[in-house]
Amino acid sequence: MTGKIKIAIMLILVLSLLLVSFTAHANAAGEADYDLEDYTSEMMRGVVLAVKTVEPAPDLDFVHAEQEAEVKFTTGSLKGETRAINNVLFGHPLYDIELVKGQELYFIAEYDKG
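So for the sequence shown, the numbering used here puts the first residue at 169; every next one is plus one.
Mixed in with the good hints, there may be bad ones.
[Stated by the list, open to error] Using 27 Å as the maximum straight-line C-alpha spacing, the simulated DSSO-like pairs for lysine-lysine come out as follows:
no. : residue 1 : residue 2
1   : Lys247    : Lys269
2   : Lys247    : Lys220
3   : Lys240    : Lys281
4   : Lys220    : Lys172
5   : Lys174    : Lys220
6   : Lys240    : Lys269
7   : Lys220    : Lys240
Since the hints were derived computationally from the structure, they do not count as laboratory data.
Remember, predicted model here, so these are calculated numbers, not experimental data.
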């Protein structure tokens, strides 16, 4: 009985390793939808000027709350500009950042070089 259990465990391990190796190869062989060389990213800072909490759309199942905020950028290529952003909250205590007026934020923006 223990011999059959050992063989079954070995077989499961081998099949798991094969599955992982084929999956990794399939992901590596796939082509990206875009070329990363065509994009650049930039980190910027901004200050929240105003925040308004809005009711999320009823068809968005996982959205807990949504905020519309006005942010003035203090660094980067958008320095001095004011932009409107949406902050979507999913009810997760670690990842949700509820915005408040006067809060300083970091943004990572990705631009198309073309």
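message: Name the hints, by number, that the structure is in violation of.
response: Per hint list: 4, 5 violated.
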